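Colleague: Sequence:
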Amino acid sequence: MSGCVFCGIVAGEVPGFTVADEPDGVAFLDTRPVFKGHVLVVPRTHLVTLAELPAGALPGYFRLVQRLSAAVETGLGAGGTFVAMNNKVSQSVPHLHTHVVPRTKGDGLRGFFWPRTRYADDGEARGYADRIAAALT
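Residue numbers (full-length UniProt numbering): 1 to 137.
Hints may be right or wrong, so weigh each one.
To be verified - Derived pair list, reagent style DMTMM-like, types lysine to aspartate or glutamate, alpha-carbon separation capped at 20 Å:
| hint | residue 1 | residue 2 |
| --- | --- | --- |
| 1 | K36 | D107 |
| 2 | K105 | E73 |
| 3 | K36 | D130 |
| 4 | K36 | D121 |
| 5 | K105 | E22 |
| 6 | K88 | D130 |
| 7 | K88 | D21 |
Stated by the list, open to error - If you anchor each label on the Cβ, the simulated ranges turn out as follows:
| hint | residue 1 | residue 2 | range |
| --- | --- | --- | --- |
| 8 | G56 | D121 | 21 to 31 Å |
| 9 | G8 | N86 | 18 to 28 Å |
| 10 | A11 | L53 | 11 to 21 Å |
None of these hints come from the bench; they were simulated from the model.
In this text, all values refer to a predicted model and were calculated from it rather than measured experimentally.
In this text, a Cβ means the ideal position worked out from N, Cα and C, and glycines have one as well.
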């Protein structure tokens, strides 16, 4: 869809730190992560809400989310992950996306009010993306 930043990333027209590019979806680093290694998983097709995702696409899409959850843990040595999705309210980009956030005990994340951080530079972001991508295998 024209003007959608996530569609631009999927199409390769907008730069992103891609972790996975598969028929069921694309995963890339959030540019304003809750914690470094925070990944967004999006369907290739422009949809706004989970309700719009065709039933036939659910297994493949959520299998990718499941694999990313494990890869974030393994690739980053995280204690676990937080997996979440907003539909419309608090959805900063109106394209269906699932957050996969690395967690560690005592990381300070409480409730749904999260501080955001930034990567020091593109090299640091690429390193996080590469570690997660390597753990997908």
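Colleague: Indicate, hint by hint, whether the structure satisfies it.
Modeller: Hint check results:
A threshold of 20 Å between alpha carbons decides the hint, and for K36 with D107 the separation of about 12 Å falls inside it, so the pair holds. The straight-line distance between the Cα atoms of K105 and E73 is roughly 13 Å, inside the 20 Å bound, and the hint therefore holds. This hinted pair checks out: K36 and D130 have alpha carbons roughly 13 Å apart, not beyond 20 Å. As the CA atoms of K36 and D121 are separated by approximately 12 Å, the hinted pair is consistent with the 20 Å bound.
Proposed proximity of K105 and E22 is contradicted: the alpha carbons are some 31 Å apart, above 20 Å. For the proposed pair K88 and D130, the alpha carbon gap of about 30 Å is over 20 Å, so the pair is violated. Distance hint between K88 and D21 is unfulfilled; the C-alpha atoms sit about 25 Å from each other, more than 20 Å. Evaluation of the 21 to 31 Å hint for G56 and D121 yields a failure: the beta carbon distance comes to about 41 Å.
Between G8 and N86 the CB atoms are about 20 Å apart, so this pair conforms to the stated range of 18 to 28 Å. For A11 and L53, the hinted distance range of 11 to 21 Å is satisfied, since their beta carbons lie about 19 Å from each other.
The structure fails hints 5, 6, 7, 8 (numbered hints given earlier, in ascending order).
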